[in-house]
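Chemist: Since the structure of chain A is provided, determine the placement of chain B on it from the hints.
Each protein sequence line maps, in turn, to chains A and B. Each residue of the first sequence is one higher than the one before, counting from 18 in our numbering. Each residue of the second sequence is one higher than the one before, counting from 14 in our numbering.
The hints are simulated quantities; they were obtained by calculation from the structure and are not laboratory data. Be aware that a few hints might be false.
Here are the simulated SDA-like pairs of lysine to any residue, each with C-alpha atoms no more than 25 Å apart in a straight line [unchecked claim]:
#1 Lys86/B - Thr241/A
#2 Lys86/B - Gln103/A
#3 Lys246/A - Pro144/B
#4 Lys86/B - Leu242/A
#5 Lys124/B - Leu128/A
#6 Lys86/B - Gln216/A
#7 Lys86/B - Leu128/A
#8 Lys246/A - Leu147/B
#9 Lys246/A - Glu224/A
#10 Lys246/A - Ala269/B
#11 Lys246/A - Lys190/B
#12 Lys86/B - Gly90/A
#13 Lys124/B - Ser239/A
#14 Lys246/A - Asn230/A
#15 Lys86/B - Asn232/A
#16 Lys246/A - Leu140/B
#17 Lys86/B - Val200/A
#18 Lys86/B - Arg238/A
#19 Lys86/B - Cys129/A
#20 Lys86/B - Pro219/A
#21 Lys246/A - Arg143/B
#22 Lys86/B - Trp234/A
#23 Lys124/B - Trp234/A
#24 Lys124/B - Cys129/A
Pair ranges (Cβ atoms, derived) [unchecked claim]:
#25 Leu143/A - Ser25/B: 43 to 53 Å
#26 Asp164/B - Tyr42/A: 48 to 58 Å
#27 Ser146/A - Val183/B: 51 to 61 Å
#28 Val50/A - Pro50/B: 36 to 46 Å
#29 Gln220/A - Asp21/B: 53 to 63 Å
#30 Val31/B - Leu237/A: 27 to 37 Å
#31 Phe58/A - Val183/B: 51 to 61 Å
#32 Val31/B - Gln235/A: 30 to 40 Å
#33 Ser25/B - Gln220/A: 50 to 60 Å
#34 Pro101/B - Ala53/A: 50 to 60 Å
#35 Pro54/A - Val29/B: 45 to 55 Å
#36 Arg232/B - Leu237/A: 43 to 53 Å
#37 Leu237/A - Ser51/B: 43 to 53 Å
If you want the ones that stay clear, here's a sample from chain A, every Cβ over 10 Å from chain B, calculated [claimed, not checked]:
#38 Thr60
#39 Leu63
#40 Ile122
C-beta atoms are modelled at their ideal positions from N, C-alpha and C, and glycine is treated no differently.
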Amino acid sequence: MADRLTMPRTAMATVSVRAPSVDIYAPQWRNFVFVAPFLFFFTTLLIFPLLWGMWLSFHKADTFSSGDFVGLGNYVRLFHDKVFLQSVWNTFYFVLLTVPTLALIGLFLALCLNRRTRTAAVLRTLFFSSSVLSVTIVTLIWRIVFIPNVGLLSTIYGWFGATAPAFISDPSLAMIGIAIATVWWCIGLPMMLFLSALQQIPQDVYEAAALDNANRWQTLRSITLPSIKRTFILVIIIQIVLQFQLFGQAWLMTRGGPNNLTKPIVLYIYDTAFRRWDLGMGAAASEVLFILILIAAMAQYLVTRNKADQT
Amino acid sequence: MATLSIKDVRKSYGSVQVLHGVDIELEDGGFLVLLGPSGCGKSTLLNMIAGLDDTSGGDILIGGRSVVDLAPKDRNIAMVFQSYALYPTMSVERNIGFGLEMRGVDADQRKRAVDDAARLLQISHLLDRRPANLSGGQRQRVAMGRAIVRDPELFLFDEPLSNLDAKLRVEMRTEIKRLHERLGTSIVYVTHDQIEAMTLGTKVAVMKGGHIQQLADPRTIYERPANIFVASFIGSPAMNFLPGRLASSPSGVRFAANGVSVAMPAGKRQVDFDRPVILGVRPEELKAVARDEASVTGVIDVVEPTGPETMVTVQVGEQSIIARLPPRFAGRRKEPIFLAVDPASVNLFDPDSEQRIDI
Chain A
18 MADRLTMPRT AMATVSVRAP SVDIYAPQWR NFVFVAPFLF FFTTLLIFPL LWGMWLSFHK
78 ADTFSSGDFV GLGNYVRLFH DKVFLQSVWN TFYFVLLTVP TLALIGLFLA LCLNRRTRTA
138 AVLRTLFFSS SVLSVTIVTL IWRIVFIPNV GLLSTIYGWF GATAPAFISD PSLAMIGIAI
198 ATVWWCIGLP MMLFLSALQQ IPQDVYEAAA LDNANRWQTL RSITLPSIKR TFILVIIIQI
258 VLQFQLFGQA WLMTRGGPNN LTKPIVLYIY DTAFRRWDLG MGAAASEVLF ILILIAAMAQ
318 YLVTRNKADQ T
Chain B
14 MATLSIKDVR KSYGSVQVLH GVDIELEDGG FLVLLGPSGC GKSTLLNMIA GLDDTSGGDI
74 LIGGRSVVDL APKDRNIAMV FQSYALYPTM SVERNIGFGL EMRGVDADQR KRAVDDAARL
134 LQISHLLDRR PANLSGGQRQ RVAMGRAIVR DPELFLFDEP LSNLDAKLRV EMRTEIKRLH
194 ERLGTSIVYV THDQIEAMTL GTKVAVMKGG HIQQLADPRT IYERPANIFV ASFIGSPAMN
254 FLPGRLASSP SGVRFAANGV SVAMPAGKRQ VDFDRPVILG VRPEELKAVA RDEASVTGVI
314 DVVEPTGPET MVTVQVGEQS IIARLPPRFA GRRKEPIFLA VDPASVNLFD PDSEQRIDI
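Looking at chain A on its own, in the form it has when it is part of the complex (with noise of 0.2 Å):
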């Protein structure tokens, strides 16, 4: 049987005149019952909320009822809702702030980690641990750090003899003071990604450059960093959709405030569906949310597989 299963199917044919054979390329039902509970979860647990949100978004609805159907009135409350507008600009602002900012020092570590010494296998383990707390770990070191006067910012400062920003209650600091524990927490995934493309680069490729030589810049900016440019596109495009989906710091460290000025849209969907219980125009924020995630990820893959593809 092994052996027919490899030979090419024209030989299989002579074959079949002594051995009835099967035709393994034919679709087997029964086959389909080894994907069948993941089909089953996916559709229930994904396709169907999502359609179901789509459906919401069309209607007046709240927990007791899914009341008519008001068409686009979801959406136009929405945009004409000035907080809503302020948390898409927040979200905007957020993910501006911290995804480069990920991609360039979980590059930037993996490039001084990328190597077999012990130290660097105990920074590696160190940087990535952080990734393994739940937010309100993160968030509440990270409180802890920003407390005005006692915190450990302030205690810094205060040896200075200055006083420290104000990263929670300065409305034009506390997004950063967010951004600064997001990025902390999440450091390991871009780094371990950046590292195991790092390694996937052959060494004879860097002893040839060092013979054509090349010195430690121009083998990072000609060798090392073009080779890892589909690994960079994937950073981005996981910390995007990630990041745009920001939720619990914001809502332990700030609760949105000062002034709705660090509410993120999902912190808005939950305020309107869960808090004012008007589930229609939380299930069309979701619905912009969704777009407005799919779009930054493909405008960004675009963008870079087009210049790629002009070099």
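Modeler: Same frame as chain A, but now just chain B:
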């Protein structure tokens, strides 16, 4: 172009010594082949010449200039790697010109140099492609182009043909030889393939266990191997080894074993008679003759016609030897066979030290 001197070069990793005092001199424009089985230290030695690996002792001079303290880029060498080590994200043109680019050569001059090298290697039509879109042989040519364009004092080749299929390997071997004759640059070439060593080298260093077993021109290595290892490593099928004794007889000194009696050439008198020795005979030095001319008598075991010749495995006493006979050899299995040996072509080895005995 330059000479290469390797003087008492040693290498150890911790307590493990992988190279034990290697000495090699290569003349200007020479082609040195480092030949040996895996783990013999030949690639380590090449990496030390390139500066990719540190020496643990000794000195390496290129063109009379000690290079052990120089960075790879300052040694004025170019290397062709086993895996080619092409830059995957660059076009062929930029791959070849990268070394010049890094040395600050201006674009026009670079383009000319790349075009010249590409023409020499017949890859001008590939200059816009990426390495991923090239075949193995084309990648090999690009790797060589990258080395040539630098116009170095010394080329280093690290098993450059081992990733190619058999036919391409023969083609590229010829190409490398042609290139060497055309450019006249000294070359150090690492391989475990004895055919490459024999065809390419002006000098071959056979290595084993971090020692040089023999350093000589290919012909000497083949005809006068320094020990049993060299004798068995070079040549396919391998040299036949027959244990026996040297004995004096009225007609002179003879080598005698069960079924074998070979007269030693006149003038071989410096060894003790009546001592155990191992006789080494290349398969092609054996000729099928009539019974009264025979110096080796045996029984045919296997006959393998290959086309241009016939390999015959012969049982001689308890030993099995291979003879390379003419294509239309007519013997059959179990038939007796009589073989003659040219006494001038045989080698004698000491059974204990395995070293060659010069009689």
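Chemist: In ascending order, which of the hints set out earlier in this document are inconsistent with the structure?
Modeler: Violated: hints 2, 5, 10, 11, 12, 17, 24, 25, 28, 29, 33, 34 and 37.
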